[in-house]
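Q: Listed below are the residues making up each chain.
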Amino acid sequence: MQGQTWKEAKGNRIIISVIGPDRVGIIAGVANVLASNEINILDISQTTLQEYLAMVLIADLKKSRIDLDTLKDQLHQKGQELGVRIDAQHEDVFQFMHRI
Amino acid sequence: MLTIQEILETIKMVQEEKLDIRTITMGISLRDCSHPDPYAACQLIYDKILRLASNLVEVGEKISREYGLPIVNKRISVTPVSMIAEPSRVDSYLPFAQALDRAAKDVGVNYIGGFSALVHKGCTAGDDILLDSLAPALAETERVCGSVNVATTRAGINMDAVYKMGHVIKDLARLTARENGLGCAKLVVFANVPEDNPFMAGAFHGPGEPECVIHVGVSGPGVVKRAVEKVPGADLGTISEEIKKTAFKITRMGELVGRSAAEKLGVPFGIVDLSLAPTPAVGDSVAEILEAMGLERCGTHGSTAALALLNDAVKKGGAMASSSIGGLSGAFIPVSEDAGMIRAVADGSLGMDKLEAMTCVCSVGLDMIAVPGETPAETLSAIIADEAAIGVINQKTTGVRIIPVPGKKVGEMVEFGGLLGRTPVLPLNRYSSAGFIARRGRIPAPIQSLTN
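Chains P and H are the protein sequences, given in the same order.
Under this note's numbering, read the first sequence as residues 1 to 100, first letter to last.
Under this note's numbering, read the second sequence as residues 1001 to 1452, first letter to last.
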């Protein structure tokens, strides 16, 4: 990654991952946190990981004024309420690993 | 668009397989800090480190949160102190070590490397003072690491320095006897030392490096082990392929973090060093990778071949992933820091001779090995000479980080604590090497053709 490509990779998109036992209200809970911070959800997909639910959301922070650290804290707190692990990471970490 | 499987693979690497960025190391040139007055020089050194590295730890933690990747250590390497302190008229460089220690503490890094000298062809006046200061300096400071390069393929082996280092290691063990000779864990004796290695204890900022630079060390033995386990019964070519792919992915993380840190700190990005650096945690072990390939215990026949395959595949994957691979890049085999190595030694599968053979094909050398406290200095020098010979002849880096644990006998367990781990004391050959080491002088540089 050099010059142009490196600059292009820098965006405002984040990956939110939810891993834990399935239950009612997980999507609603996460979506609520995002909506209240004006964060647009671009994509949601889910699968099962052994006996757990694994859900991944791609979201856009462009219009939001919250910083990633504060959002992580809010999501972490929501995760504790719901009994699942929720984390948010910058998209680059996945792009860099899986795309040349 | 990324697939959910790809995203989960990355998350699993960090969560379950202990992928981490082992270190962000800021290299700082101290060449403008020399001064005839040693205290003025120490002040210049302290001020410069604080000016350049004061937000290194903060930036490291920010990147770690942003990407969700653990960054275990933030460290600093500096120009070899023998070069900086030489113009100061003193007979000990202890104050320089203390200045580095204070600077490291005040910027919040756990280690600072560079209390070093490059003496492969011979010692200058400053090198001699540094060698004499090593034992007290590393014993009296907490965070300073030292290294001495005693040989290169182009210069041969400086056996005067090798002779001296045996005594330095003995002195350092004695001065830190209360902590099982722990001071020796902060000292590496090298052949063909790289100038841009970000890993301690051997890191320093080489004379060919720029003013200030960011290097990144990535690790992930657990991820590689899982990759090997994913292809049970596969032939070794397939295993090599799997390791390459995994090494590629890990190195990309280092590249991302390095670039990001360099940009945030406003200094150039140096190199990514992909070294499988084990920790005492189960599942974070290089020995367990070899065992996953089908060896009952690390150290048994076949271990050298398995390690050669691993080391080479790691390098190939890493070289594809980044155009700035450097440092040591390969697999480390520090005994006390690797749960699988510790078990192999305790079970009698792994000893000095096999370790030495394994260092011919892996990235560094005899690392974190505890030997009996009564080992003569000449024997330690002879171990260093053997390891230097392997490096010089094979045109690779080798190093020795050995601890003659005061008062301990073969088989006794020694605890170093934390990431330095624990290990049984290894037996050495009981016959003397003193006559050979006492000859001193220089082993000439090897011929570069006719290499069979």
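If you are wondering where the hints come from, they were derived from the structure by calculation, not from laboratory data.
What you are looking at is a predicted structure, and each value in this text was computed from that prediction instead of being measured.
We treat Cβ as the ideally placed atom computed from N, Cα and C, and that holds for glycine.
Just so you know, not all the hints are guaranteed correct.
As the list claims (entries may be wrong) - The calculated SDA-like cross-link candidates involving lysine to any residue, where the alpha carbons are at most 20 Å apart (straight line), are:
| hint | chain 1 | residue 1 | chain 2 | residue 2 |
| --- | --- | --- | --- | --- |
| 1 | H | 1409 | H | 1315 |
| 2 | H | 1012 | P | 24 |
| 3 | H | 1264 | P | 36 |
| 4 | H | 1230 | P | 98 |
| 5 | P | 72 | P | 12 |
| 6 | P | 72 | P | 98 |
Unchecked claim - From the derived model, a few chain H residues whose C-beta atoms are all more than 12 Å from chain P:
| hint | residue |
| --- | --- |
| 7 | 1011 |
| 8 | 1136 |
| 9 | 1321 |
| 10 | 1357 |
| 11 | 1440 |
Q: If a hint holds in the structure, say so; if it does not, say that too.
A: Status of each hint after checking the structure:
1. 1409(H) / 1315(H): violated, 38 Å
2. 1012(H) / 24(P): Outside the cut-off at roughly 25 Å; violated.
3. 1264(H) / 36(P): Given pair residue 1264(H), residue 36(P) is violated - Cα atoms ~30 Å apart, limit 20 Å.
4. 1230(H) / 98(P): holds, 18 Å
5. 72(P) / 12(P): holds, 14 Å
6. 72(P) / 98(P): At roughly 23 Å apart (the allowed maximum being 20 Å), residue 98(P) and residue 72(P) break the hint.
7. 1011: violated, 6 Å
8. 1136: holds, 44 Å
9. 1321: violated, 9 Å
10. 1357: Non-interface label stands for residue 1357(H): nearest chain P Cβ at 35 Å, farther than 12 Å.
11. 1440: At roughly 50 Å from the nearest Cβ of chain P, residue 1440(H) sits farther out than 12 Å, so the non-interface label holds.
Figure legend: structure checked against the earlier numbered hints; hints not met, in rising order: 1, 2, 3, 6, 7, 9.
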